[in-house]
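A.B. asks: Chains as they are written, first to last, in my numbering: chain A, 577 to 932; chain B, 577 to 932.
Hints are computed from structural coordinates only; laboratory data are not their basis.
Since we're looking at a predicted model, the values are computed, not measured.
Each hint should be verified, as a subset may be incorrect.
Identical chains blur together in the list; that is why a pair holds if it fits in one copy or across any two.
Computed cross-link-like contacts, DSSO-like style, restricted to lysine-lysine with a CA-CA straight-line distance of at most 30 Å [what the hints assert, rightly or not]:
#, residue 1, residue 2
1, Lys605, Lys705
2, Lys595, Lys716
3, Lys806, Lys648
4, Lys685, Lys894
5, Lys805, Lys717
6, Lys665, Lys894
There are 2 protein chains.
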Amino acid sequence: MIIQGKDYRTVWMEGNLVKMINQPLLPHKFGIIELKDYNEVHDAIKTMVVRGAPAIGATAAYGIAQAVLQFKGSLMSELEAYLAEVNEKLSQARPTAQDLFDGINYVNKKIMNSDTVSEAKDRAATVAKDYADRSADACKKIGEYGNELINENDRILTHCNAGALATVDYGTALSPIRMAHYSGKRIFVFADETRPRSQGSRLTAFELVEENIPHAIIADNAAGYYMRKKEINICIVGADRVAANGDVANKIGTYEKAVLAHENNIPFYVAIPLSTIDLNSETGEDIPIEERDEEEVLYSYGWTRSGNFERIRTSPEKSRAKNPAFDVTPARYITGLITPNGIIMANKEEIAGLFE
Amino acid sequence: MIIQGKDYRTVWMEGNLVKMINQPLLPHKFGIIELKDYNEVHDAIKTMVVRGAPAIGATAAYGIAQAVLQFKGSLMSELEAYLAEVNEKLSQARPTAQDLFDGINYVNKKIMNSDTVSEAKDRAATVAKDYADRSADACKKIGEYGNELINENDRILTHCNAGALATVDYGTALSPIRMAHYSGKRIFVFADETRPRSQGSRLTAFELVEENIPHAIIADNAAGYYMRKKEINICIVGADRVAANGDVANKIGTYEKAVLAHENNIPFYVAIPLSTIDLNSETGEDIPIEERDEEEVLYSYGWTRSGNFERIRTSPEKSRAKNPAFDVTPARYITGLITPNGIIMANKEEIAGLFE
């Protein structure tokens, strides 16, 4: 992705350091954060310095590679025991994103295929980079397929940030939007603010500004208004996990927008790499939904006039909040899944077909 | 309503001053603001120092009474010309709330019924207070009828603030909730945050805290989640204007919640005094929808750690926003209207029946 005219990925490795864009500072400050060990990688995922299912997957992959490079032992059996700890820690960073487990599994398998610890160390960084490259390529393909769904003058709703910042590069939902824009189509994007963490107004809007894509931020409450007025004619979102039957877990509010799109006969697409699909979750009901700290709802986070990053209280001191981070959208509300292998229906047969 | 143990109304008059609760400071600071003339009354409505359709209506009524008391002329024809200006100014404060016009019409009719200016002056304050008293009584009746819909252990969703602060007293949507609570029913309220102005987390939560009613604030995005999980079993909201056919204009997002309630077979009620009904609007499409400043979406407003009221930017400097303040919910999504005359269907016949 282009930021301040320079090409970036969301996460990468340099020597023994995992580096990533510091997302909580966006859109007002662009900075890179360096993580020194897998505990810091865990914390960065947990506290949402990096977020978005594919980006979390790649971050975990790099975190494991880093752990291998820092490993002090000499026996493969010791490395195995050590990696079990690392995997366990990283797996617990966040519960919903399927890509986290996909990234962990991918690098473990490749690394544990080594005969010696030194071979594993030689291999670690490359394996993690391979995972990230494949992830970026998958997103690029999502963009190419998804672009076919977008017409001149389309007005597109997206929810949360399923952009380059939620992946290694390109994005999932934003990849078709980028491709449509660069292929010369005139489009307009409605970016849901996406409370409580405001990834829409902070991150999606940031990406759209950097790439000069015409857009407006709207309160989450206003998406239905524009759908009913037919000022939105296609919706594209990402996902944190897709069940075998096509049910989709994604950022809280996705279910609301999908029902509203359905009610207004507006196509609703979910853009995902294969790493987001969990064949072990039969339906959406099997997907664990993360409940985050109520403070995210009781406060708002941003920048003051004097340029300080502040959290402000927008609720009474004595009020409590509930804060589910994701919801499940039943497959029946989803027009199709935009995958790196093409556009398919959100059903068991077509999803199984992706893995044949 | 009880605030800090004392009984308050949202707006009232003392001598030549219109006084009201300063709502933008809530929930963190409770204060009363004094308005010196009808221009200040206009500004208080326009900038949302007072908001909520019935409260706006009563405020306008007091503003006109104040203008009459301050009138310098001696001829009824002069008073008439002067009031035309006052009416014009106040009518333009906000476009959607029907009660604004109802309040203006009520006091004008009664005051212009006077034979002399001094009779009009004698009458002005009483007429405005009558309007406010009737408005408060209507809300009390809404509470009594609405309470019949609420059962022990109900989990109730409300959107925006249709509480005492949105009316003269009691509230519309919150009136049945208050009555249910005081009649000893165990209930739980989900208060939608209601971006961009956060009337849910700021005002509804404030009222619920003051009255010790169990509740949680949720992001607007989470209402659908709790409906799908059947953790909400009834929705009650207010309205800014109801068309002759039962279509309802209310705070942006109401349409979204109504569609979601319908999809999940959860009853969705709209609580209104008769002053909110506009028989001249045949359907919701005839109701003007206010578009407010985009800054409400681009920023968030609240209190910092150090106790300052601050606005913080939650979006890129170069992003724009769209900010419709209301939406229209078609009558077919509405289970019923809770009125001071009883609970009716949201249709032309039953609405017309209220005025027979």
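A.B. asks: Look at each hint and say if it fits the structure.
C.D. replies: Now the hints, each set against the structure:
With identical chains, the CA atoms of Lys605 and Lys705 are at most 30 Å apart within one copy only, with a shortest distance of 27 Å there and 53 Å across copies. With identical chains, the CA atoms of Lys595 and Lys716 are at most 30 Å apart within one copy only, with a shortest distance of 22 Å there and 60 Å across copies. In the homo-oligomer, the alpha carbons of Lys806 and Lys648 never lie at most 30 Å apart, since the shortest distance is 61 Å inside one protomer and 52 Å across protomers. With identical chains, the CA atoms of Lys685 and Lys894 are never at most 30 Å apart, being 50 Å at best within one copy and 45 Å at best between copies.
For a Cα distance limit of 30 Å, the shortest separation of Lys805 from Lys717 qualifies neither inside one copy, at 32 Å, nor across copies, at 35 Å. Proximity of Lys665 to Lys894 under the C-alpha cut-off of 30 Å is found in neither arrangement, the shortest distances being 34 Å within a copy and 39 Å between copies.
The structure fails hints 3, 4, 5 and 6 (numbered hints given earlier, in ascending order).
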